[in-house]
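Each chain, written out:
Protein chains: 6
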Amino acid sequence: MNILAFGEVLLRFTVADKMLLEQTDDLHLSTVGTGVNLLSSLAHFGYDTSILTVLPNNPIGKKASADIRKLGISDKKVIYQGNSISSFFVELGQGARPQRVTYQDRLASSFSQMKASDYDFEKALSGVDIVHICGISLSLTDQTREAAFKLAEMAHERGKAVCFDFNYRNQLNKGNTHLMMKKRYQKILPFIDIIFGSKRDLTDLLDYQEKDETKLYRKFCQDYQINFFAGSNRSFVEGKKYFAGFLFHDNKIYHSAAKELNILDRIGSGDAFASGILTGLIEKWDFDDTLEFAIANSVLAQASMNDSPIFSREDVFNYIDYEGKNDLIR
Amino acid sequence: MNILAFGEVLLRFTVADKMLLEQTDDLHLSTVGTGVNLLSSLAHFGYDTSILTVLPNNPIGKKASADIRKLGISDKKVIYQGNSISSFFVELGQGARPQRVTYQDRLASSFSQMKASDYDFEKALSGVDIVHICGISLSLTDQTREAAFKLAEMAHERGKAVCFDFNYRNQLNKGNTHLMMKKRYQKILPFIDIIFGSKRDLTDLLDYQEKDETKLYRKFCQDYQINFFAGSNRSFVEGKKYFAGFLFHDNKIYHSAAKELNILDRIGSGDAFASGILTGLIEKWDFDDTLEFAIANSVLAQASMNDSPIFSREDVFNYIDYEGKNDLIR
Amino acid sequence: MNILAFGEVLLRFTVADKMLLEQTDDLHLSTVGTGVNLLSSLAHFGYDTSILTVLPNNPIGKKASADIRKLGISDKKVIYQGNSISSFFVELGQGARPQRVTYQDRLASSFSQMKASDYDFEKALSGVDIVHICGISLSLTDQTREAAFKLAEMAHERGKAVCFDFNYRNQLNKGNTHLMMKKRYQKILPFIDIIFGSKRDLTDLLDYQEKDETKLYRKFCQDYQINFFAGSNRSFVEGKKYFAGFLFHDNKIYHSAAKELNILDRIGSGDAFASGILTGLIEKWDFDDTLEFAIANSVLAQASMNDSPIFSREDVFNYIDYEGKNDLIR
Amino acid sequence: MNILAFGEVLLRFTVADKMLLEQTDDLHLSTVGTGVNLLSSLAHFGYDTSILTVLPNNPIGKKASADIRKLGISDKKVIYQGNSISSFFVELGQGARPQRVTYQDRLASSFSQMKASDYDFEKALSGVDIVHICGISLSLTDQTREAAFKLAEMAHERGKAVCFDFNYRNQLNKGNTHLMMKKRYQKILPFIDIIFGSKRDLTDLLDYQEKDETKLYRKFCQDYQINFFAGSNRSFVEGKKYFAGFLFHDNKIYHSAAKELNILDRIGSGDAFASGILTGLIEKWDFDDTLEFAIANSVLAQASMNDSPIFSREDVFNYIDYEGKNDLIR
Amino acid sequence: MNILAFGEVLLRFTVADKMLLEQTDDLHLSTVGTGVNLLSSLAHFGYDTSILTVLPNNPIGKKASADIRKLGISDKKVIYQGNSISSFFVELGQGARPQRVTYQDRLASSFSQMKASDYDFEKALSGVDIVHICGISLSLTDQTREAAFKLAEMAHERGKAVCFDFNYRNQLNKGNTHLMMKKRYQKILPFIDIIFGSKRDLTDLLDYQEKDETKLYRKFCQDYQINFFAGSNRSFVEGKKYFAGFLFHDNKIYHSAAKELNILDRIGSGDAFASGILTGLIEKWDFDDTLEFAIANSVLAQASMNDSPIFSREDVFNYIDYEGKNDLIR
Amino acid sequence: MNILAFGEVLLRFTVADKMLLEQTDDLHLSTVGTGVNLLSSLAHFGYDTSILTVLPNNPIGKKASADIRKLGISDKKVIYQGNSISSFFVELGQGARPQRVTYQDRLASSFSQMKASDYDFEKALSGVDIVHICGISLSLTDQTREAAFKLAEMAHERGKAVCFDFNYRNQLNKGNTHLMMKKRYQKILPFIDIIFGSKRDLTDLLDYQEKDETKLYRKFCQDYQINFFAGSNRSFVEGKKYFAGFLFHDNKIYHSAAKELNILDRIGSGDAFASGILTGLIEKWDFDDTLEFAIANSVLAQASMNDSPIFSREDVFNYIDYEGKNDLIR
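Protein chains in written order, with UniProt numbering: chain A, 1 to 330; chain B, 1 to 330; chain C, 1 to 330; chain D, 1 to 330; chain E, 1 to 330; chain F, 1 to 330.
Be aware that one or more of the hints could be misleading.
[Unchecked claim] Straight-line Cα separation of at most 30 Å, DSBU-like style, residue types lysine-lysine; simulated pairs:
#: 1; chain 1: C; residue 1: K240; chain 2: A; residue 2: K240
#: 2; chain 1: D; residue 1: K77; chain 2: A; residue 2: K76
#: 3; chain 1: F; residue 1: K174; chain 2: C; residue 2: K76
#: 4; chain 1: C; residue 1: K174; chain 2: C; residue 2: K215
#: 5; chain 1: A; residue 1: K240; chain 2: B; residue 2: K241
#: 6; chain 1: E; residue 1: K241; chain 2: F; residue 2: K123
#: 7; chain 1: C; residue 1: K77; chain 2: F; residue 2: K284
#: 8; chain 1: D; residue 1: K123; chain 2: B; residue 2: K77
#: 9; chain 1: E; residue 1: K123; chain 2: C; residue 2: K115
#: 10; chain 1: C; residue 1: K241; chain 2: A; residue 2: K240
#: 11; chain 1: D; residue 1: K76; chain 2: A; residue 2: K174
#: 12; chain 1: A; residue 1: K174; chain 2: D; residue 2: K174
#: 13; chain 1: B; residue 1: K174; chain 2: F; residue 2: K77
#: 14; chain 1: A; residue 1: K241; chain 2: B; residue 2: K76
#: 15; chain 1: E; residue 1: K174; chain 2: C; residue 2: K77
#: 16; chain 1: B; residue 1: K76; chain 2: D; residue 2: K284
#: 17; chain 1: F; residue 1: K241; chain 2: B; residue 2: K174
#: 18; chain 1: C; residue 1: K284; chain 2: F; residue 2: K76
#: 19; chain 1: D; residue 1: K240; chain 2: E; residue 2: K174
#: 20; chain 1: B; residue 1: K174; chain 2: F; residue 2: K284
#: 21; chain 1: A; residue 1: K76; chain 2: A; residue 2: K150
#: 22; chain 1: F; residue 1: K123; chain 2: C; residue 2: K76
#: 23; chain 1: F; residue 1: K174; chain 2: C; residue 2: K123
#: 24; chain 1: A; residue 1: K174; chain 2: A; residue 2: K115
#: 25; chain 1: D; residue 1: K123; chain 2: D; residue 2: K183
#: 26; chain 1: F; residue 1: K77; chain 2: C; residue 2: K123
#: 27; chain 1: F; residue 1: K241; chain 2: D; residue 2: K240
#: 28; chain 1: B; residue 1: K284; chain 2: D; residue 2: K77
#: 29; chain 1: B; residue 1: K77; chain 2: D; residue 2: K183
#: 30; chain 1: E; residue 1: K123; chain 2: A; residue 2: K77
#: 31; chain 1: D; residue 1: K77; chain 2: B; residue 2: K76
#: 32; chain 1: A; residue 1: K77; chain 2: E; residue 2: K115
#: 33; chain 1: E; residue 1: K174; chain 2: C; residue 2: K76
#: 34; chain 1: E; residue 1: K123; chain 2: A; residue 2: K76
In case anyone wonders, no lab produced these hints; they're calculated from the structure.
No experiment lies behind these values; they were computed from the predicted model shown.
For reference, chain A alone in the conformation it holds in the complex (with noise of 0.2 Å):
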């Protein structure tokens, strides 16, 4: 199984130590972005995955490419081109104190400048099985949504899976309306098979009245022929957090069990789940375990530090297996 993902590759850089950005000049650098934590999980569960992304040629992108390529993903498909990589910085959160996340300006990189007409889009989808772009592509620039236009319907055409996940951030571009982004989302949305988003994307965003949730899932997957929605929500209950998700498929919705939360670093959760659900889906699971399987990569995804879960099905599984159970003492 051959998976590529099309995206913005970021550079984060996480505040040491839980302190604040104004308390210290320490910093951990990690290479993410929904395209590599998707890969970055999968590659841990024993596919092939390479990234198409554009870096800058520089130590600054040979260093995210050799994360990525340690991540378990081929940076073969990396074009190198222009003279930035987007970034943020993170400060995590304790208790009641949110983890906090700042981004610089996400316009002027490598990957926001590319021309679509630059990529040999029929080469990098040579041998690939799947292919996963990111909502992101469309709030950025024109360069950016051509480019994800034109990936999504070509990978369409050729048989490929095409997966999306909305990941809708209007504020990103100044110059996106609310008519212009849902417009956007609605032109890729054919050429989509399997995507991730949640009940307010198709609310707020695409605008469906709809407020039964199994009746609008529906809806909206009649409305673009697409055969597999799913995502996930974190809840806050009594004090605790909890997390869960679910996945929509041929007119029926299945739901995971809510599982407690203890953060350590709740990005990337998301793609975690993303990853999870995947992988049930070439497997051919049963959704149901499809579903604990995704919430249990990303329960472990958020008790661990960065975007990318790096964790293998027996470390899923054993998660799933011994969770709660007491232990003996060394």
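Given chain A's structure and the hints, the job is docking chains B, C, D, E and F onto it.
Chains B, C, D, E and F in isolation, oriented as in the chain A frame:
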């Protein structure tokens, strides 16, 4: 609004990685003190602040000044004299293992040895609206006591609002007896407008016998013409820690709701509360809002490293608004 | 009181910042082992302790000795021979993600390869009151087994109190079968006075059939003339972890209360319990007090980094006295 | 003496432990820029300094301001607008391996995007004696160029001493041609009193043909009514590095002795030299003393980490006095 | 060009901050080995590389694989078996204090215990142009020796270019005698095309008597039909260290100029030289250029941390072109 | 051989990463002092050592004791009393930028405040062969002076070899005048057998007028019946630093060769020299060999972090034998 604090500045050596001091050689340094903590928070709420203290004229003193500036406090009134700064070690806690604080000698420091007559209080008070004096000065040396009395008196005479916090530490100076300490506090109280303390300060230090809390505070405030009396406390219920506070004014007591604590570093919690209260009084907020703001500032501070709170008003309001809400998945 | 421990010393590489090993290159080294952990705690309770082990005669062995001394243990009986020390990696856990321990080869170490005949046990036992032998020695190599048997026998003959902990790890040496391991334990038990273990050690390793716990321990202690049998265990109730222990003596079983755990690093919890029990027995404390002290020592140790407890008696008593009390605000 | 600098503030990410970026994830952050570096040094020499720049109104901008204050520079004139700050990575060198600097995009930053008309230069100049403008502003965007021209003109008209350093970087903005850059420098030079640059700036950028150094500088200073022209350079002789400088004034050139360099971090060497020269001019020192002081400040700065010099006058004089003397043994 | 290396992979623990191991607990981990080092450099020069080795199937083995991928080397041929990986500690040197390397046991590792018959060499060689075998395999165990012989023979028969480096370490396995080692080297040499070693390898290990260097190499290369023989050495002249190399081919010896060394971390200098030589041979560069490139790559590597060179061709050419030139001041 | 040192123990805070204190919050702690340094080295040369000092009875004092034990020194004679330990900050140097040491107050420490009458010197001296007293005790307080005199006298009377080093620091205690200090040194000298100092100590402190070095030492040793007088010094020639020493005995002066220094951390160089001299005297080595050994030990110590040398005899001999030899390439 221009606020001056008078008090001891200390070096804090935090043992790294939640280790015990005996286990590691890695320390994180920060520059702290009741005055520093209070002003840091007030500076981040948008006020002009400056500290009146004494530091050694060497790289250690210069480091402390640089840290003070970084916190947003003016170091223009710092006096460089003597050859030492007080210090303490902090070993962070975990669960049942409490945070442990160990002080080095505090009586030989530049601040403790500075004669009251060597200060130019007239100049220090120029342009200042509020003066804060920390009760620790009453426990250290004859020099610090005399300076505190003189400054309180001069500020009061010049119509400045004078704040004071009890911070009662009898054991600091072995020569101190209960009677001596009581007299010292009684001597400074007539100059004070706003005071931070606890019920216990009144009963144990000042020997008030009144059991009813409201009556007790009423009597105390009448005796010394105190305008505002406020305090906070930590409680422990069914394995969880909570933080709450009160504000007494004009014969009436106001209580905050108790907020759950998830402590990363508990030092400075009272200073964070005090700076929140002062902000509410300056801004003439409703007393309940003032208490909610002060408690929130302190809860956030206790969920953060180091003594000195650096949250903006927006940070505190965000915590109040969104605390415990369900959140979205990225 | 002079206590000697015989056993394997290991290097522990703790992965920094709660990361997974695959995520970082930063490691913290500590020198550990059941004997080291136990003696470290006993040394901090005020006893003379020394370790009998074998280390390579190179900078790695010298580092281990320096660490042992730092823990308060005499290294005068350490033998320098061979060329290796065993090691393991620790990835700290968070919430649902368990702490993970991965061992490197333990059979090629200086300790595992040292012949029993090369020890001078007579000299090692001189001046010693209590000898502790770790059951791991029975799982490693023929050399460590023979040394353990010989030392146990000689110490017993010379009237020393001999302690032993099961620490049953069949999988350590692939050549070990259940039957072989059972016979080895049966061979050493007649020399033992105080033993640390669990119900499962008796049923699964020694094949006792008795279900009733008190009867089981009675039978076992009678069979081998064991004076004291003690053990601890971790349990999981409604999302919380608890720690409790028992002590069996003179046909009677004593149980501690269960204390809630907030784990920073769980390794060495049994050693912390054992050193607490030994202290109670040495000091001839009431058995309930002994258990409370041992549980408290272990709860504190599990809330601290590294295997080797370094709490003083005062630290443990303070925890017992003040645990969960409301505290003052600075 | 009150000095204002106008210019870009950048985040510098220094790769830890003399590693290459590809080898580690540990970074040290510092806040730098020609203006920051110059003012930091001048503040440590005892002058009042403030920076006029634009930072994003988020935790990153606040961090930069905190760092600026820590360096002794007032942040009262900082404008918070836009959403980004420029940044670069530094890999420290060792022997033959040169220090490597890699920039991210600098044109999308808050500073680069701030319109000249949005500054209140009148207010910014109030109370200021000397204004420093960095030539980088001429290479970035139309906005930064216009702001630099306007500020230079206004400061000149109001009788402030205006300093400028060439810092010629044609490649910064791809749209820049040699001719365009030349015209921009020619446009600002008539407003300048003190200028930092090199022979090459005059010959390569401004197309002067004169070969004789003294004549060249004379012609240049006459053409634009420049009062002082100074510059520094690094040379390499028999495996050793040296640092030297010159100062041209009133038709006469002064040369410093060359000092051997032992570089820890070479960035900011020109800024350290410039702040030394300015100090000599402010204090009306002899020109030879001024050059010796400026070279010493820069040699010390290059033997220290980070761009921004923080040496006091005493530090610099001590270095001049005791350099290379035999020292005592403790 | 596709290059395969066969050999031991080791964990390197570098003691932090130029400390001695006894002084600190902070270690930096890296994954190294002659094969890893050589391939890392070749991958950064643009070739496809993969390593044939054996790692434990646990988080330690997975960490090593992740590091290998990060260096640009394919881990697809890594075999997961056994339970250990070799390791060593490095204490960096300073001036007269030499860098110190201390190995742990290397014979119990997964690699040392893997049977030759368990490798699928046929598959490993498919698609490969050049095979590199490290001489360490001849010193470890019977299994590694047999595997090395078999791989060398099979690669030679299939027309691959076979490289070998002496890396003679008699003391690694106490069972090794001079005669045994000599015979083992004599057994593998007939399959080798390119060999890295020193004069001393020929005289001390292989007992050649010839004193004249050129004649010696001629005889050796004729005896075993070696196509290329190359080596490097460090020399010490008047307090400075220099690095130089030679290449023997077709009866002729070529010598590089000696370059001054400024060592940060000297390990892997021979591997950096070898990868430079191989690159020159692959690209059919002039032999003098090849030597200059190889020496430059090694000088840069010795001025960098860790064993594995990660310089690009551009980095090496830049060093050759600009070394020792005067530079500009920013 | 059993050696006791009497003296102040200090905490040393080393600023991390060659930064200046003002630049960073990261500190490395070590426990040092002339006695600690000397004994650490002697312990690593194989002797039994113990320190007689006073530490606070709190986690800071316990940390210091743990560090002392780690260095191989017995802490059985440490007295826990008072509430403070002296401390200083170290900023490491680079090239022209000198290492900078800044002390905090040293007169309020547990050691400085301990009364001479509270020591049990009789017990402390039992079993001891050599006693070392540091001259710093003569500069601190009346208590430390009296204790030093009493111990020197008692040790002398009991036939112990008494060592002393001048370590003349007049400025430590502002009350000290030249005359007072001279008298104090004159008072202790009659009890001393072996003394470490410099020519300057004799001329500047003791007011000797003799210019000829040999005659000067002869006169001094005769005046006070000193058996051995030794000292070391650092010199600076053509940009390089050198280290050399002398030993005066029986009317004859011996000089070492000067060794080039490559300093990482220069503190403790005199202590490393002294421990080398003492070792030579204990072992009755030839005086030239003794000096070479002492110089080598100090050169190695200055090329290492921290004050306390931890080199074994083999380390020192290896340095002497192999220094500057050409080495092999791995």
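Exercise. Compare the structure with the hints numbered earlier in the document and write down the numbers of the violated ones, lowest to highest.
Key: Going through the list in order, the structure violates hints 2, 3, 4, 6, 9, 14, 17, 19, 20, 23, 29, 32 and respects the others.
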